[in-house]
Each structure stands twice: as structure tokens, then as C-alpha cells.
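K.L.:
Each chain, written out:
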Amino acid sequence: MNTSVMPQTIISTRLAKNFRRNIMERMIEFALLCSAAFAVFVTCAIVYVLVSEAIPFFQHVSIYDFLTDTVWTPNYSIKHYGIMALISGTLTTTFIALIVAVPLGTITAIYLSEFASHKVRETAKPILELLVGVPTVVFGYFALMLVTPLLQKIYPDLPLFNMLGAGIVMGIMIVPYIASLAEDSMRAVPMAMREGAYAMGATRFQTAIRVITPAAISGIIAAYILAISRAVGETMIVAIAAGQQPTFTFNPIEGAATITSYIVSVALGDLEHGGIGYQSIFAAGLTLLIMTLLLNILGHMIRKKYRERY
Amino acid sequence: MVMHKNKHNETIKAEAKNLNFFYADGTQALKGVTLPIYENKITALIGPSGCGKSTFLRSFNRMHDLYPGNKYEGEIILYPDNTNILSKKVDPIEVRMRISMVFQKPNPFPKSIFENVAYGLRVRGESNKRVLDDKVEEALKGASLWNEVKDRLEDLAFNLSGGQQQRLCIARALATDPEIMLFDEPTSALDPIATMNIEELMSELKKKLSILIVTHNMQQAARISDYTAYMYLGELVEHDDTNKIFTNPSKKETEDYITGKFG
Amino acid sequence: MVKNKKQPAVIKDLESIRAMIRRHKRNDLIFAAVGMFVIASLTITLLVLFLDLILDGYPRFTLDFFTNYPSRKPEIAGILSAWVGSSLVLLVTFFVAVPLGIAAGVYLEEYAKKNWTSDIIEINVSNLAGVPSIIYGLLALGLFVYAFGLGQSILSAGLTLALLMLPIVIVSTREAIRAIPIHIREAAYAVGATKWQVVYDHVIQYSYGGILTGVIIGMARAIGETAPIITIGALTFIAFLPPTPVTVDPPFLNFEWLSSGFTVLPIQMFNWISRPQHAFHINAAATGAIIIILTALMNGAAIKLRYNIRKKIKW
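Residue numbers (the numbering used here), protein chains in the order written: chain A, -8 to 301; chain B, 50 to 312; chain C, 1387 to 1701.
Since the hints were made in silico from the structure, they are not lab data. Hints should not be assumed to be uniformly reliable.
[To be verified] In silico BS3-like links for lysine-lysine, alpha-carbon gap of 30 angstroms or less:
#1 B:Lys137 x C:Lys1581
#2 A:Lys296 x C:Lys1499
#3 B:Lys160 x C:Lys1690
#4 A:Lys295 x C:Lys1499
#5 C:Lys1697 x A:Lys110
#6 C:Lys1500 x B:Lys137
#7 A:Lys110 x C:Lys1690
#8 C:Lys1581 x B:Lys184
#9 A:Lys116 x C:Lys1698
#10 C:Lys1499 x B:Lys137
#11 B:Lys120 x C:Lys1581
#12 B:Lys138 x C:Lys1581
#13 C:Lys1697 x A:Lys116
#14 B:Lys80 x C:Lys1499
#15 C:Lys1698 x A:Lys110
#16 C:Lys1698 x B:Lys154
#17 B:Lys80 x C:Lys1500
#18 C:Lys1500 x A:Lys296
#19 B:Lys160 x C:Lys1697
#20 B:Lys199 x C:Lys1698
#21 C:Lys1690 x A:Lys116
#22 C:Lys1581 x B:Lys154
#23 A:Lys295 x C:Lys1500
#24 C:Lys1411 x A:Lys116
#25 C:Lys1697 x B:Lys154
#26 B:Lys66 x C:Lys1581
#27 C:Lys1499 x B:Lys154
#28 C:Lys1500 x B:Lys138
#29 C:Lys1499 x B:Lys120
#30 B:Lys120 x C:Lys1500
In isolation and in its complexed conformation, chain A is listed as follows (with noise of 0.2 angstroms):
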């Protein structure tokens, strides 16, 4: 055996190279670690510039103002900055889009789930995935050229910019994000169910709606709620059809600013860094971040709990 007779040098490079091994796989892990933490760095990133930048509005205008004022006029001579008016504008729109894209996307996905032949739902989730890739200005365009004027021929009296186009476009785009993730999370009721149910006579209807909807509800609501996330931070559909004026109004024919339709319209002026309006922006980006923020904690915990289930 060549080895029998293994001399001491050879040992002894070979713990070597060890050593100089092992340095190269630490300092890879090191810079992997690295990449990966990244996306700490980032989300404190986003809480320190967001909060940097507010605070210095907020020794302008207390917080109690910013809550409860209805009025947003940071343009004008007398200067109001409440919230509230631009949170109407975002509640509303994203009102619209649920009642479109709710029912709608619970459809798609029961559909897909219980009914569609494997060849359909093989041809039918492709095209959804490529829905959901559809830049948000395209759909803005939709919204204020196409939906709005079949709109006003029904309502002759709509503004051209108002918040029911947008939400309604708005709907459009988040069906399929509702129809992918309930899809996903009634697949994912064992199989094992649905025997039970169709094995005691049940029709495909009464299987769906009675054994499989409820066993994934909180997969469903999930959705709605990662869905309804979407919509409050969906930005250009808005900005281009809903109108950039701040109104405190939650009437949808009117035209009003969003949280995020404020913003750009802020950014396409003459931002004056380190101004209260260069300010604002970031005190509505804080509000925005924290009602996603919440949105998306309350969907991941109620999406964990069901994925637990099973």
C-alpha cells in the first residue's frame, strides 16, 4: 500500500494546506454572511433615512396635527400637514381595487384550484404570472385613457382624474396576486380532505366551498391582506389617474392624492433638500412603511399559523 509507509513531510504539508484551506472557507463564509446581511443593512437603512428626515418635520408639526388635521396644503401660504388627507385618498382607492379584485380573485382561485382541468390551470397560471409582471405605468395608462372615458359615458359628470378609475384598474392589477396565493394555499389542503368530502356525496361546489375554502380561509385572508398591502403602497396607477390634489374626501367619483401620488408629484417638482417639503415626503414615506409594515407582519402570521396546520 502506497500509504504504509507515509512519510512525515507528506503529513505535514498536508496539514498545511489545511490550514491554508480552512482560512479560504472561513473567509468565503465571511463574505457570504456578508451578502446576506445585507438586507439587514438595508431594511435599517430605510427605517434611519425615513426617520432622520421626519423628525426634523415633526419639530415643525406636532404628530397630533399630522394625525388629525384634514388638510394638506404644503404649498400654500398657510401651511397644514395632516395626514389625514392623503391617507383618505390611499384608503379609498384601495377600497375600489379589494371590491374588484376580491371577488374576482377568490373566483380565479377556487376555479383554478377545484374545477379547472390540469391542462387549463397548466395555461392559466402562466398567463396570471405574467399579469403580475405588468409595469404599473402601463396600467396607469389604462386607467386615465381607456377605463376613466368608459366611465364617463356611463356617469357624464366624472372627473378626469378620479379615484374610481384608478382603484378599479387598481383592482385589475392585484386580482392576480389574490388568485396565486389563495390557489396556493387550497392546493395545499391535503388531498386526503377532499376524498372525505366527495366520498360522503359531495359535489365539486359543496367540496370547494364547504371542506376547502374554510380549511384554507386563513391562506385566503392572507392573500387579501398581503393583497391590500400592495394596493395602499401602489404608486403610478394612482399618481397618473387619481389626481395629485390633496382632498380629504372618501368619495370616489372626486379626484384626490394618495400617500404615494404625493410623493412623486413632490419629486417631479424642485425639491429643495433639506426643506419642509423635501421633509414631508419622508414623514408620509414613515406613515406608508408602517402601514405596509403591519399589513405584511399581520399576512406573514396568519399565513404561518395555516402552513402549521398541515
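For this one, chain A is given, so just place chains B and C on it according to the hints.
P.N.:
Relative to the frame of chain A, chains B and C by itself:
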């Protein structure tokens, strides 16, 4: 250098001494196993599922180190240099370079046939094309696969049949001149002809190195091995000459298992 | 007598059961019809919208449109600066997000031990995927544009989109790695490979397809991303090109373009939508059609790629 021999004047290549093994969840899979592996011999491990024979085998190239929380107690001494390969001071990679392994299911890499065999050499820093060519050819010949694949070394290994894939894995393990080869039920996923090929191959291989094999198939153990060890519930029940184990075992449990009364 | 009385009862029961089944089956049919109608009408609506967009923009599908700068006159305005800007921004995004994302994904799947550090990183990654894109714009405005002093440049925009794309690359890398069976890793370890050799020679090699899918989807998203780039203050009217990245003289590479001002396709489109004149809306439609076709082609390629991987690899 002191040679460790048995009464038949056979050299001991490696020896497990009072080996205990604990998985991360705390279950003890090996209980005080002491077992010698003889040079140029085939030692077969038999026993019912879950008896710890695969766990024992995988201790020999420190496979358990890949999963955190696993713990060894006791020693596996590799001769002639008297290294305890379970020692914390010994790099598991060095152990794997001396002791190679063939798995239950053929697991070639999704690379070319050539690259599969050459991989162990590349890991050792060998990049000379001439050396690689020679070594790959030698290993494939050693695994009696050369004639079947010599014209398509660049083909994807997945395109080979199951038996060929397993022989490719043997060639891969062979290319690095290991001192011991471990076989973990190498034929359980193969048809009878492929199984026969691999058994013949092992009898050929033992001229150059020592073999430790786990097998479910008692006929296989009887056919190919020189020594057989019967394990049950993590303990070594009996270890002896294969002939003796299969004709005249000294323990009742062994006899029951071999005659099919149990297991 | 008793028998006779019972007999019709059973039959009647059976009949009522049959009637009930018919009713239930009708519900099945109704729902199937509703489901098909919803999916069909959604698909058709969107198809009509896209067709309309393409038809609206069709008159502007000329070579001039691609080689002209934006202009006050809609009929001679083009997207030269926009597509060049988009390409350069994406170049930065690609070279930042892809290595970083793959490295992070590899770390989380292959190296991270189950402890609080890896938990925090995981939570952060999934959290970043849910942060609205405009927030990334604010981060970039505060950090890249002002704190780092990069200005409203291609570099700032590229980095911003890289942050947006990062979670997509990380998630797809992890999924691709997870699909590689453990016995392939064991085989590599068994011949004496180190951890990094196992990762580099095997894990990364075999997950290429899956990673590529994620990269394409991420890039497609980056092409259409508008809000964060507006937020960092990109100009909407750019009638010049950044310095070329490749030069004829050594050292052949020039990095001045990184600090140049720029515009991108979706911002150009947004700018044209906001003009009152209808002629500009045609330009917007043409730009939108180009963006849609680009992203659809990329996403389609990614979906096809993933399908092929699923079909091909049987471990």
C-alpha cells in the same frame, strides 16, 4: 512500525473501538461497537433495518459531520499510521480523501462522465490534463466501465443505465486511490445482472484495497465477503469469518436472523 | 302490506335524492360557468387593453422613434435617451443585484445555522419583498443621492433598482438550491470536497437555471419600475446621451456614464401621459407597448425556462 495482525496473519487496516454514536435528537444509534477491518478483505455488515449498520459505515468517512449535533464517542483507528479518524484534530476532509464511499442509490453529478470520475482529483488540486486522462481511464477500467463509455466520456452521466451509473460512482470513488472503500447497500437499486457485475467488481477491487459493505441481502454477504458482522439495535452481536457466520454462528440471535426466523 | 308501504317510500327517497343531486350538480355547472367567465373576461379585458395600447402606439413604431431625442414637437419626439438610460441603469442593477443575491441565497441555504442571526436575516429578506417600491425611492433619495453624494445619476438609479430586485434573486436562488437533493452533496463530500468546493462546483452549477429564472423576472420588473426612479429625482426631459461605457482608446472602459443624468422608458412614458396634447399620448402608448412587449418576452422566457427545468431534471 507495529503491524496489527489477527491469528490468520491478516493485517488490520482499521478498527472501530468501543464506538458510540448519537444523532442530534439524542438517539443512540451505535452502542460500543468494536470491529476490525482487514486489509484486502471484504467485511460485510448485516442486520435488520435501523440496526445501525449504515450509521456505522458512515462514521468511517465522517459523513455524520455534515449534520450539526451528531456526536461520536470512542475511536476508529486507521493503520498503519495509528490515526484516530474520529478525533476532533483530524480534518474530516482528509479522512474522506483516504476512505471513499459508494452510496445506496447511484448519485452521479449532473456533469459529464469524465468530470464525474475526475472530480475527486480536481478537489485534490490536480489540473494536469494528461494526469487526469490517465487516472480517469484507470479508474473506469478498474470499475469495468471503460469499454462501455470510452467513446462518450463527454456525455452526461445521467444518460447511463442504473448499473452503469453505480459503476461510474465506483470509478469516481476509485480514482483517488483510497485505502478503504465503503459501500452502502450499493446494489439495492439495481437489477440482478447489474448486481452481479458489481459483486464481481468488488472481488476484483479487494486485491488493491479494503472494503466495508452494508448489505440487506444475506446471499450477497455470503457470496462476496470474507468477514461478516451481524448488528442489532446498534450493537455488534457477532463478527467472524463469513463461512463460520453462515454455517455455524456462535450466537442464537445471529442464527435466527440468518435462517430467517427473525428480521 | 308493510312491505308494499315501504317500497314506494324508498323509491320516493331515491327520487328526492336524485333531485337533490341534480340541484347540486346545477350549482357545480353554474360555478364552473362563473369561474370560466371571470377568467375569460379578465383575460379578454387585458388582451383588449394591450391590443389597444399597441394599436394606439402603432403609428410611432418607426426607426426615428428609437433614434430621436424627446422633443416639444410630439411627431419628432423619440425615446433614444430613454432606452439608452434604461439599458445603462439595468446594467448597474444586474451587476449589483445578481452576485449579491446569489451569495445571500447560498449563505441562507447552505451555510446558515438555525439560530437568531439567520432568523433575523430571513425575516428581513421576506420583509424587503413586501416594502412598496416608492419607499426604496425615498431610501435612495436620502442615502444614495444626498448622503453618498451620488446625485441623480445612473449609478443611484441602478443601485435603487438593485435593492428592489435583490429579494427576487435571493428567493429564486434559495428555491433552486433547495431542489438539489442531499445525496449529490454527500457524493461530493465523500470524495473529499470542502464546503466551498461542494457549493461552487455543484450547488451553484446545478441551480443556474432556477437562478436565471429569478434574475430574468427581476430584470423585467426593474425595466417597468417607475416610482422609485421618479422619487430620486430623475429628470423627465433628457436630450443627451451619457458618455459611452466603451471607448476606442485604452483602457477601453469609461465609467463617467455612471454619474450622468438620465431618463428611463417608463418615466418617458409617464411624462408623455401627463401632457395634455393627444399626440403625446400616442408616443406614450408606443413606449408602453415597447415596455409591455419587453417585459412579456422576458417573463415568458423565464416561465418557459422554469417549465423546462421542472421537466428535464429528475434527480
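K.L.:
Now look at each hint and say whether the structure bears it out.
P.N.:
Each hint tested on the structure:
A C-alpha spacing of about 17 angstroms is found between Lys137 of chain B and Lys1581 of chain C, which places the hinted pair at or below 30 angstroms, so the restraint holds. Under the criterion of a C-alpha separation no larger than 30 angstroms, the hint pairing Lys296 of chain A with Lys1499 of chain C is consistent with the structure, at around 23 angstroms. With a C-alpha separation of about 23 angstroms, the suggested pairing of Lys160 of chain B with Lys1690 of chain C holds against the 30 angstroms cut-off. Note on Lys295 of chain A and Lys1499 of chain C: the hinted pairing holds, with a Cα-Cα distance of about 21 angstroms set against a maximum of 30 angstroms.
For the suggested pair Lys1697 of chain C and Lys110 of chain A, the alpha carbons sit about 16 angstroms apart, so the restraint of at most 30 angstroms is met. The hinted pair formed by Lys1500 of chain C and Lys137 of chain B meets the criterion: a straight-line CA distance of about 22 angstroms does not exceed 30 angstroms. Restraint check: the Cα-Cα separation between Lys110 of chain A and Lys1690 of chain C comes to about 16 angstroms, which is no more than 30 angstroms; the hinted pair holds. Note on Lys1581 of chain C and Lys184 of chain B: the hinted pairing holds, with a Cα-Cα distance of about 24 angstroms set against a maximum of 30 angstroms.
For the hint pairing Lys116 of chain A with Lys1698 of chain C, the CA-to-CA distance comes to about 20 angstroms; that is within 30 angstroms, so the pair holds. Note on Lys1499 of chain C and Lys137 of chain B: the hinted pairing holds, with a Cα-Cα distance of about 20 angstroms set against a maximum of 30 angstroms. A distance of roughly 20 angstroms separates the Cα atoms of Lys120 of chain B and Lys1581 of chain C; the hinted pair therefore holds under the 30 angstroms criterion. In summary, the hint linking Lys138 of chain B to Lys1581 of chain C is supported, as the alpha carbons are separated by about 18 angstroms, within the 30 angstroms threshold.
Annotation: proposed proximity of Lys1697 of chain C to Lys116 of chain A holds, straight-line Cα distance about 16 angstroms (limit 30 angstroms). The hinted pair formed by Lys80 of chain B and Lys1499 of chain C meets the criterion: a straight-line CA distance of about 29 angstroms does not exceed 30 angstroms. Of the pairs offered as hints, the one joining Lys1698 of chain C and Lys110 of chain A holds, with about 19 angstroms between alpha carbons and a cut-off of 30 angstroms not exceeded. About 19 angstroms separates the Cα atoms of Lys1698 of chain C and Lys154 of chain B, which keeps this hinted pair within 30 angstroms; it holds.
Distance hint between Lys80 of chain B and Lys1500 of chain C is fulfilled; the C-alpha atoms sit about 29 angstroms from each other, no more than 30 angstroms. Distance restraint check for Lys1500 of chain C and Lys296 of chain A: the Cα-Cα separation of roughly 20 angstroms lies within the 30 angstroms cut-off, and the hinted pair is therefore satisfied. Taking the CA atoms of Lys160 of chain B and Lys1697 of chain C, the gap is near 18 angstroms; set against the 30 angstroms cutoff, the hint holds. Using a Cα cut-off of 30 angstroms, the hinted pair Lys199 of chain B and Lys1698 of chain C holds, with the two alpha carbons roughly 25 angstroms apart.
Of the pairs offered as hints, the one joining Lys1690 of chain C and Lys116 of chain A holds, with about 12 angstroms between alpha carbons and a cut-off of 30 angstroms not exceeded. For the suggested pair Lys1581 of chain C and Lys154 of chain B, the alpha carbons sit about 22 angstroms apart, so the restraint of at most 30 angstroms is met. The suggested pairing of Lys295 of chain A with Lys1500 of chain C holds, with an alpha-carbon distance near 18 angstroms, which does not exceed 30 angstroms. Of the pairs offered as hints, the one joining Lys1411 of chain C and Lys116 of chain A holds, with about 26 angstroms between alpha carbons and a cut-off of 30 angstroms not exceeded.
A distance of roughly 21 angstroms separates the Cα atoms of Lys1697 of chain C and Lys154 of chain B; the hinted pair therefore holds under the 30 angstroms criterion. Simply put, Lys66 of chain B and Lys1581 of chain C have alpha-carbon atoms about 29 angstroms apart, close enough for the 30 angstroms limit, and the pair holds. At roughly 28 angstroms between alpha-carbon atoms, Lys1499 of chain C and Lys154 of chain B fall within 30 angstroms of each other, so this suggested pair holds. Restraint check: the Cα-Cα separation between Lys1500 of chain C and Lys138 of chain B comes to about 25 angstroms, which is no more than 30 angstroms; the hinted pair holds.
Taking the CA atoms of Lys1499 of chain C and Lys120 of chain B, the gap is about 17 angstroms. The hint holds against a cut of 30 angstroms. For the given pair, Lys120 of chain B sits about 18 angstroms from Lys1500 of chain C by alpha-carbon distance, which is consistent with the 30 angstroms threshold.
Violated hints: none; the structure is consistent with every hint.
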